[in-house]
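> Each chain, written out:
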Amino acid sequence: MHLSRRAFIKSGIAASTAATVGLPIAKLTEAAAAEVEKDWQWDKAVCRFCGVGCGIMVATKEGRIVATKGDPKAPVNKGLNCIKGYFNGKILYGKDRLTQPLMRMKDGKFDKKGQFVPVTWEQAFDEMERQWRRVYAEKGPTGVAIIGSGQYTIQEGYTAVKLMKVGMRSNNIDPNARNCMASAVAAFMQTFGIDEPAGNYDDVEHADTIVLWGANMAECHPILWSRVTDRRLSDKNVRVVNLSTYHNMSSDVADLEILFKPNTDLAIQNYIAREIIARNAVNWDFVNKHCVFATGPYDIGYGMRPTSKFAYDAEKDTQAKELRVKLDRNEAIAQRRQAGEEVEQKNAATADKHWLIGFEDFKKAVEPYTLDFVAELAKADPDEPLEKFKAKLRQLADLYIDPTRRVTSFWTMGFNQHQRGTWVNEQTYMNHLLLGKIASPGNSPFSLTGQPSACGTAREVGTFSHRLPADMVVNIAKHRETAEKLWKLPAKTLNPKPGSHIVKIMRDLEDGSVKWCWVQVNNPFQHNANANHWLRAAREKDNFIIVSEAYPSISAKVADLILPVAMIFEKWGGYGNAERRTQLWRQQVPPPGQARADVWQMLEFSKRIKLKDVWGEQSVPGLKEEGFPDGKLPSVLDEAVKMGYSPEDSLYKALFATPDNLKVKWPDPVAKGHDNHIVSLLGDGWFVEKALFEEYARFGRGHAHDLAPFDRYYDDDVRGLKWPVVNGRETAIRFNEQYDPYVRKGAGIEFYGPAMKALPLGNLDAVTDPAPKSLAGKAKIFFRPYAAPAEQPDAHYDLWLCTGRVLEHWHSGTMTRRVPELHRAVPAAQLWLHPKDAEKRGLKRNDLVWIESRRGKIQVRVEIGGRNRMVQGYVFVPWFDEGVFINRLTLDTTCPISKETDFKKCAVKVYKA
Amino acid sequence: MDTSRRDFLLKAAQGTAAAACGGLLWAAFLRSNAAAAVLAIRPPGARPEADFAALCIKCGQCARACPYDTLKMATAGDKVPIGTPYFVPRKIPCYMCTDIPCKVACPTGALDPALDDIARSRMGLAVIDEESCLSWQGLRCEVCYRVCPVKGRAITIEMRPRETSKHAMFVPWVHSDACTGCGLCEAACPTQEAAIRVLNPKLVQGKIGAHYRLGWRSETPITQEFHPAPAPAPAAGEATVPKKAPGMDYLNQGL
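The listed protein sequences derive, respectively, from chains L and R.
For the first sequence, numbering that gives the first Met the number 0 begins at 0 and goes up steadily by one.
For the second sequence, numbering that gives the first Met the number 0 begins at 0 and goes up steadily by one.
It is worth saying that the hints were derived from the structure and are not from the lab.
Incorrect hints may appear among the rest.
Claimed, not checked - Listed next, the in silico EDC-like pairs over lysine to aspartate or glutamate satisfying Cα-Cα at most 20 angstroms (straight line):
1) L:K345 <-> L:D316
2) R:K242 <-> L:D106
3) R:K242 <-> L:D316
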């Protein structure tokens, strides 16, 4: 029997496939093996994991995923995957996949002290409703919360936003993406007036200088790193710089590695700005046409609680800095004040305040950031000679400033999960704007997104405590009016007071402000800093916590009710990746057991709440907004009746199964025969995912957030499209007339983002002329100072702790640790420690140690080599392992502007267990 | 007790002990022999090792038929089960006779008579040690490539830049879908210890997971008419809530 080589390979693999999958084929001839693959059904989809957004194809047979492959037609990855993406086909099939609702019961009733037992969906929703009514009656909209996700599909995020903000009139919806991208978002909004990067991944191939700031791309954006590395290999002129607090795998490709101390990135950025000015390298043509200078207050605290009421005794000294900070010598120089000065943190609640300044003030502000000052402040490795470090900083400035170089800066969590995250994001724009190196191929300050749809869902749909879709916010009347019009709502339905962000929701659970909380598509009780507080709050306070999950996670363990969910390929959905590429997929296989998609769960729950329950007068303590009574949302029921609603209408009818949406019918040829379990279960014949997508898209179309029609994303030749998609064309580079249809003809470059484009004028310390000046079309060059971290190593806790990731595992490990091969590859988190630090403590590699902070302690094994090499005084622990629950130790400081947690710096000690 | 009886009992005990020791030694020898079977490079057409062990009657006809004296019958002390045929490629490789006389001579079918094309035999898999292969260091060698009888398929040459000088490198690659394990490459390899050698594929070959395809290797167009699996019969009403559910025990352990 003659077989072509290809058929031979294929059938050989098919034979082993059959054996592994367990199909009953005893003895295969090669021909029979090829037969096995013949009835596989293939469809395009996206990888479940990171923000790179690789395209994949999924093969199913008999209701099961039998294989996946990298999609060779996907521009992002051209057929490649990283080792997590390689296992997309297995993540649905972990042994303890949740398939049944579980609720804590005693004597046949819900009891918070009870053990989990299986219940029916009916019982689950009954209790959810009972608890919701109890809490809503007692506390109103501020007593309920949804913790959403940057891994929500677009439709899930949109359903949640509508349910919360329109239905319950609550702004207590915030995603885990708050702790991922919020600083980036705040910086985008403050700098450009609109969210998300100008450039795209193709900037890699056009840049000749690629700078990583606190981002281990090699492990965290693996396929994009392959592109960076290829660029480096393909052209001798290309330079890669890795700025990090320790040596990691990204350093292996870098020409220049700069190891700096925590928070000193703020100083290094200002050094570069100072150099740009000192060398007369400011691109005045660009700056005069397109930029203004701005600054804001420095006394903004650290996002901690303003009271020590809930603090453990050990953490009170750190918490006190929220109110008052004693400036150290370096801060004093950096902020033009006196060493030892005690500064009241008066602007903690108004941290985002900012105003215009003149260039002379800006120049004066960066003047202290000399090479000598910054090098001494920033150098992390005690074994590195200071002169060598200075040379590196000079080289970094050279690379940015060289007019022939096209610079792409990449950053992720090192910048965003930062007590001054918004500031340091803005500083990157500062330098790119000063040089005019932005919005052209290869010149790209590129904020990398960590999660697969922090962009596409959380940010674009607005699943945040202060946001509405398409970059609108709840606290601007015009935005609310626009949303109310699009949503066909009575005026004043929407709550103008921003709700609790994710860290605040945890604190609200602790102090009893929030008593009903629904967690979807994330694991907040493992991921939030200072975890011991929130674990206790979940179990011991009078609250009801619902966790929709696929696997038994830490959050599920502390929940009161667990709802089993459909995972990615078991439902229709869509994600938007870091380069604004929206990608949609169809349901490939049914969800197992009683597991059901989050959208179905929300729609079913919405059937139980009537308009009369929510659209009457509601109490919102602290609400002060023009046109609203103090502390109250007015009743909108009368107006609603005039518009055709009935107070007896369920939220399902009023918000979701609207007359417009019911017109979007199922079945639909776009399905090509694929199932839709949500539509089947709802049984009323409307195509939920398409209707919601099109309803949501109306917010962005015509407002520089244009999405293509739903069906277009499902065309066979499409592999996602980068918005804005105008007249069928995607946009490669925004703000540049050559590529972006929203730039006015003849403008060349235009930063048309509308938010915060009228500012008062002042000096470095205060506003002097409060009348707002328009900066339409311009971007802001911010001066932001260096500030020291709130908690630093001292005699008692003598090491820095940084947390992060490894390539093999995703987030809290709920999926990847259930793939046997990935678990075998990296079974447990380790503590990376410098060999000298280990020796000082009598520790050897693999020793079991305690690592302890003011807030908690856990055990972990020591590693002194391997993929990371630490500097002395600095340790690293990845957070994917619930058995090494490092967030028990971390500190819940946040950027006061973005409210994003700083997971990268707190003080610990390490000793033998 | 008289001495003769005592002697007898003593000798019996000693004899048993000796036999037991001998038995242990022999069992150990047999075990190590069997374990070493994985190292044996068998004649073309040899069945999988378990079947081969059952079928080979150690008659030596294959070795006699081989015109090149390639095949040896294993003796005690060879790292191969005693009496079975094998070869050492570095000494005398298989010359890939197109009429496969060894297989023809085999009376029991231990060498599979269905093998009709010597290029489809799989006696072993050639493996290159990139540290000791001269071509991999940048030198011009590629002897293995030139002597390989399955020219251009079992071993191919990839040109790549040397980068440290303006010379290209010519690096050999072995492809398991064409390599027969004949060992002509190993025999010809000019380094002191052969940098390419034939091994039992089980010792060297990995396997990409059955759940994954290399995306660019085969066309898999999007299915235009998808047929979902028939939905499982719905649970009979809400009455069928199970007593236990996956994950429950772990969840009830608490923190």
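> Each hint needs a verdict: does it hold in this structure or not?
Right, here's what the structure says about each hint:
Distance hint between K345 (chain L) and D316 (chain L) is fulfilled; the C-alpha atoms sit about 19 angstroms from each other, no more than 20 angstroms. Proposed proximity of K242 (chain R) and D106 (chain L) is supported: the alpha carbons are some 15 angstroms apart, at most 20 angstroms. The hinted pair formed by K242 (chain R) and D316 (chain L) fails the criterion: a straight-line CA distance of about 50 angstroms is larger than 20 angstroms.
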